[in-house]
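With the hints as your guide, set chain E with the ligand onto chain D.
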Amino acid sequence: MANRCYFIPPHVLDHIAKVQAQQSAEPSPTQRSAVVSAQFRRGRRTAGALPLALPLTEQRLTAEPGTVPTGLTVPKPGTSGRLIHDDQNQWTFDVQFIRGEGDPAVPAQNANDAYDHLGAVRSYYKAKLGRDSIDNAGLNLVANVNFGVDFDNAFWDDTGLRMVFGNGSGTVFTDLTASIDVCAHELTHGVTQFSANLNYTDDQSGALNESFSDMIGSAIDAYAGGKDAGTHNWLIGDEIMAPDLFGEALRSMAEPGTAFDNPMMGRDPQPRDMSGYTEPADPHIMSGIPNRWFYLICTDIGIDAATTIMYQTLQNLWPNAKFADAAAVAVAQARILARNNLVPRQAPQSVRGAARQQGFW
Amino acid sequence: MRVTLQTSGGFTGRRLHASLDTDDPAHLRALAQLPAQQLSGGQPPADQLAERPGSAQPRYRLTVHHPDGDQVSELTESTVPPALRPLLAQLLRNAHP
Ligand SMILES: [Zn+2]
Chain D
1 MANRCYFIPP HVLDHIAKVQ AQQSAEPSPT QRSAVVSAQF RRGRRTAGAL PLALPLTEQR
61 LTAEPGTVPT GLTVPKPGTS GRLIHDDQNQ WTFDVQFIRG EGDPAVPAQN ANDAYDHLGA
121 VRSYYKAKLG RDSIDNAGLN LVANVNFGVD FDNAFWDDTG LRMVFGNGSG TVFTDLTASI
181 DVCAHELTHG VTQFSANLNY TDDQSGALNE SFSDMIGSAI DAYAGGKDAG THNWLIGDEI
241 MAPDLFGEAL RSMAEPGTAF DNPMMGRDPQ PRDMSGYTEP ADPHIMSGIP NRWFYLICTD
301 IGIDAATTIM YQTLQNLWPN AKFADAAAVA VAQARILARN NLVPRQAPQS VRGAARQQGF
361 W
Chain E
1 MRVTLQTSGG FTGRRLHASL DTDDPAHLRA LAQLPAQQLS GGQPPADQLA ERPGSAQPRY
61 RLTVHHPDGD QVSELTESTV PPALRPLLAQ LLRNAHP
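Protein chains in written order, with our numbering: chain D, 1 to 361; chain E, 1 to 97.
Chain E with its partners taken away, still in its complex shape:
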């Protein structure tokens, strides 16, 4: 399964991108438990953008590419589930501007 990451926020505000193909059961379990905010590609619709929580924390936008559409989840640093850390760390190691 293909997963892509986009980062933003925090002091640095760096927007980095990474993607990874993974079949690791631990990764898949962690991804399955994420709150899905959207099933489609591209940017969230404008009304959803306006509803985003206001936080200057580092932000991780994770997209899981399913055959029937994309599942997009957006997390702030303090809400990252511990089970997701290994996958997130792996993505961040390969992230680039």
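Just chain D, same shape as in the assembly:
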């Protein structure tokens, strides 16, 4: 710690950001500075041990395909356009550009699914939340399908700014492009990176980072399926389970800890509320606590209103925020939104009541 110096100490920026988050619906310059400062700190931490992250302007250029087959469309930078790459079961990115924005469907179903889901998630963010892509400045949406061999996962590549999908092993998961909640979850990690930039650490900040992806991912899944809070199943990953695991899921937002219990996957370790909280713990374990907070709010004021509040909360949080910080900011945002008739009038009480039920208010 001794060899670091900052223009403004990070804890001072964080404190100013916290105060301003209670007062404004939009991120303040100080909040943005806190995020940029955190990104800078993170870049310095990893120097030497891992490849240095490129400046954002250069990262955008890396999303441009190296070779463009005749007839395919490369969207202009900053137009929220889609680029789908086939990694041809190699462990490298952007192997073959196969479909750009507006291009016709290709023979591979998973490439078309990725294209369609990205489009639906982009539309949701624009129409419901007023956000223009991941960075709110039209960052093009890059997806890689067929990554690796039997790769049983999907992820947001925070240095290359792309979403990456495996084919699944076929024994635990099927192709991870098959469900919109995967795509919405991963894209939301990108949104988090460009807003609160919550630390992905084994504490409450990491759990919140995971949870915001589950919250907004689940809301988009419900919207795409025409479900409301009462009819949505509140399961994450249920549509990508392999046939032998039909009926299981990765996470349950309504009842954390009940998503799976089988020899292949073990038993769902998520606690339902703060009575089961421990630290350090993987972000995927403790995310169930704020996940259920969101579920409870949805059942009270509806998914649209709850998602708007959480989205505004994400814009106003800071990298080392804890659950109680998220609750305080969410209440402040709920009051602002209610005053403008954008969410029901009882939204602040609903947010507080659900947080108290989960044990962090």
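Calculated directly from the structure, the hints in this document are not laboratory data.
One should not assume that every hint holds.
[As the list claims (entries may be wrong)] Covered, in the sense of this in silico footprint (three residues per stretch, anywhere, with C-beta under 8 Å from a C-beta of chain E), are these stretches of chain D:
hint, region
1, 175 to 187
2, 273 to 284
3, 320 to 330
For glycine and all other residues, C-beta sits at the position ideal for the given N, C-alpha and C.
Relative to chain D, chain E with the ligand alone:
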């Protein structure tokens, strides 16, 4: 030489474990080139935990069990060296909750 793997991260966030005894020269060469973050058993100390890079990518924690201590390396998916892929694939095939 004994190698153990713990996975986490990505969409699934599954924490899987696997171990393997290997004398394959290609495996040993790949392991020797990994950045060692720790030489001892157990969890990283708290200050090291706080210094971990913030990434929701799949994460692989590899422990090489040397007679004089454990060498722990933590990699995210996009930083896995190509030379390590065969060993990682073999470990992942045998991984369990
Ligand atoms: Zn995630």
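To see whether the hints hold, each was checked on the structure:
1. 175 to 187: With 4 residues in contact (Cβ-Cβ under 8 Å with chain E), the coverage given for the region 175 to 187 of chain D holds.
2. 273 to 284: It holds: at least three residues are needed, and the region 273 to 284 of chain D offers 4 whose Cβ sits within less than 8 Å of chain E.
3. 320 to 330: violated (count 0)
The structure fails hint 3 only (numbered hints given earlier).
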